[in-house]
Amino acid sequence: MRGWFGRTGFYALVAVIILYSLFPFYWVFKSSVESSFALNRPTTGLLPSQWTFVHYQAIFAVENFLRPLLNSMFVAGVTTIVSVILGAMAAYGLARMPIKGKAAILGFVLLVSFFPQIGMVGPLYLVFRNLRWLNTYQSLIIPYLILALPITTWILTAFFGQIPIEIEEAAMVDGASIRQTILKVFAPIALPGIFTAAILGFLLSWNDFLFALSFIQSPNMDTVPLALVNFRNAYYVHYGQIYAGVVVASLPIALIVLFLQQRIESGLTAGSVKG
Amino acid sequence: MAARLATKAPEPVPQRRGGTSYLARRKRVGYLLVFPAIIALALVAVYPLLYNLVLSSRFDVATEPGTQHFVGLQNYHSLLTDPTFWGDLLHTGIFVVISVTLEFVAGMILALVVNRKFRARGLVRASILIPWAIPTAVSALLWKMFFDIRSGFVDFALHALHLPGAQTVWFNSPVLAWVPIILSDMWKNTPFIALLLLAGLQTLPQEIYESATIDGASSWQSFWSLTLPLLRPAILVALIFRTLSAMLVFDTIFVMTGGGPGQSTEVVAYYNWYKFMVSLNFGYGAAVAVVITIMALALAAVYVRILRQREGFVT
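Top line first, the protein sequences correspond to chains A and B.
Taken in order, the first sequence gives residues 1 to 275; the numbers are from my numbering.
Taken in order, the second sequence gives residues 1 to 315; the numbers are from my numbering.
Bound-form chain A, shown alone:
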């Protein structure tokens, strides 16, 4: 009897957890197909009162939502590539090369990730203003390195440390140069770790709001979160368009998480709990 109660209780808890995580997404989808009329009246039910795709048309035809999607992809993509390259180089040096001050270097990387982004906004704003870089892609890519580079460096140092060194030693014994060893022997083995670091770097850059809010000044340079917040203007809140925009912007992210969940989890926990 107790076992049956326990199991029912457990599955009820699982149901509550799934509801808590996913019901908001259902509501976003449901609202994205409601008419503006229905969205501006008190909610009457859990199902859409009618199906309409006007909001999806509006975000692309009226709001040009494609532009922020491309902006975000470009900025987060370039940031990811730069931080994976710099992070992988640093991680190889830290995990493999006989250099001094490893603890100090890793401590510095750790420290940087504790630096508050809010404190960097002001000075970077002044620097970018003097360089006439406000409202450019580089005004986002450069600060996004603060978000992506420390975590890529950690993850890759942890992953590289787990790859057995014997493989590279064997290559060197066979007379391969350092460059050949890294590119031909090490890189293929390290690829999964690099991929994990890239996903996290991409997500962290994609999710920024503060830097985009501070350095972007015209709608055609908006990133996705900024564009969604700006659908609301001074006169009217475009609920339907916000909901439709969130569906479009979240779908790829949700798919990434569903399919790459284990990679993301291993990346986030690498070095923190397992050591």
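Among the hints, erroneous ones may be present.
What the hints assert, rightly or not - Distance condition first, Cα-Cα at most 30 Å in a straight line; then the derived DSSO-like pairs of lysine-lysine:
# : chain 1 : residue 1 : chain 2 : residue 2
1 : A       : Lys184    : A       : Lys100
2 : A       : Lys100    : B       : Lys117
3 : B       : Lys117    : A       : Lys184
To be verified - Output of the computed footprint for chain A on chain B, the stretches with three or more beta carbons under 8 Å from beta carbons of chain A:
# : stretch
4 : 116–124
5 : 135–145
What the hints assert, rightly or not - FRET-style restraints, in silico, Cβ to Cβ:
#  : chain 1 : residue 1 : chain 2 : residue 2 : range
6  : B       : Arg25     : A       : Val78     : 27 to 35 Å
7  : B       : Arg119    : A       : Val173    : 44 to 52 Å
8  : B       : Leu53     : A       : Arg179    : 38 to 46 Å
9  : A       : Arg179    : B       : Ala212    : 49 to 57 Å
10 : B       : Trp220    : A       : Gln57     : 50 to 58 Å
11 : A       : Val78     : B       : Arg305    : 34 to 42 Å
12 : B       : Ala212    : A       : Leu19     : 29 to 37 Å
13 : B       : Gly93     : A       : Met73     : 36 to 44 Å
14 : B       : Arg25     : A       : Lys184    : 14 to 22 Å
Since the hints were made in silico from the structure, they are not lab data.
Just so you know, even glycine gets a beta-carbon here, dropped at the ideal spot from N, CA and C.
Since chain A is already given, all that's left is putting chain B on it; use the hints.
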């Protein structure tokens, strides 16, 4: 994610191919590899913080051109006697305590559930992670609309379940405005805590639980006397990372309330941004930034202490 500091340095590669010159070459290549990342971080992260220190010693307001001058510690002095700053500090503190506590409890429940083996466990694990991947600003925007009387589900649910609170205009009340703020923060951040705790749970040896059960311990007892103490390192790491980001909360406040009604939901990060980017009072904004940075670095120091105390902490 941050524990590299306490890791053991990997063993140096044995010397090959004719002695020291090769080792020296590897060393040189090693420094060359590490150098670009360090320079990048120094330029993008350290330079702005040093810039803040300089700026905070000056009177520099963009709307009063030509009046910039050195004022020493004047900005800090004004800050210490600024009731808005102290109010924001208090709001931030309350937000940190409430949101981190709730997220910790919810995250622990999530982690314990997902740690059990059951059907569709993988799917549940993936679905609890999805909110974490949604941008904070978007989460805030959504929860703001969920609490809207017209397009949201909160009012509808309260009505349907005959609970009190229907027809509430949440964002008009200095106290109730915190409810959607905290719920949005919880929805987005609980998965992160759950993830770190789950990773910790999975390293716990199963044998102790078996012997505890044989000794007649209830699962409640083994949770308090076995799981919690054994999980302490994971718990501390999770709490520190969450405390840090809760302390610096900005996106949620900016999107949901803009610090209102009045200044009742204003937090220190918002004040920093407002002073710098809206009032264009660069000197004063920089002083706020320096104080926030010191708070964050104090937390980093606590983190490093915990890592050092942790026994047997190796890769």
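Structure-based check of all given hints:
1. Proximity of Lys184 (chain A) to Lys100 (chain A) is assessed by CA-CA distance (about 26 Å); at most 30 Å being required, the pair is judged to hold.
2. Under the criterion of a C-alpha separation no larger than 30 Å, the hint pairing Lys100 (chain A) with Lys117 (chain B) is inconsistent with the structure, at around 45 Å.
3. Straight-line distance between C-alpha atoms of Lys117 (chain B) and Lys184 (chain A) comes to about 41 Å, which puts the hinted pair past the 30 Å bound.
4. Interface restraint, the stretch 116–124 of chain B with chain A: holds (4 residues with C-beta to C-beta distance below 8 Å; minimum three).
5. Given a C-beta distance limit of less than 8 Å, the hint that chain A covers the stretch 135–145 of chain B holds, as 8 residues qualify and 3 suffice.
6. Restraint check, Arg25 (chain B) to Val78 (chain A): a C-beta distance of roughly 32 Å satisfies the suggested window 27 to 35 Å.
7. Between Arg119 (chain B) and Val173 (chain A), the C-beta spacing of about 50 Å keeps the proposed range 44 to 52 Å intact.
8. Take Leu53 (chain B) and Arg179 (chain A): their Cβ atoms lie about 41 Å apart, and the range 38 to 46 Å holds.
9. Against the hinted window of 49 to 57 Å, the Cβ-Cβ separation of Arg179 (chain A) and Ala212 (chain B) comes to about 55 Å, which satisfies the hint.
10. Between Trp220 (chain B) and Gln57 (chain A) the CB atoms are about 55 Å apart, so this pair conforms to the stated range of 50 to 58 Å.
11. The hinted range of 34 to 42 Å is satisfied by Val78 (chain A) and Arg305 (chain B), whose Cβ atoms lie roughly 37 Å apart.
12. The hint said 29 to 37 Å for the Cβ distance between Ala212 (chain B) and Leu19 (chain A), and at roughly 32 Å that hint holds.
13. In this structure, Gly93 (chain B) and Met73 (chain A) meet the distance hint of 36 to 44 Å, their C-beta atoms being roughly 38 Å apart.
14. Here the CB-CB span from Arg25 (chain B) to Lys184 (chain A) is close to 18 Å, well matched to the stated 14 to 22 Å.
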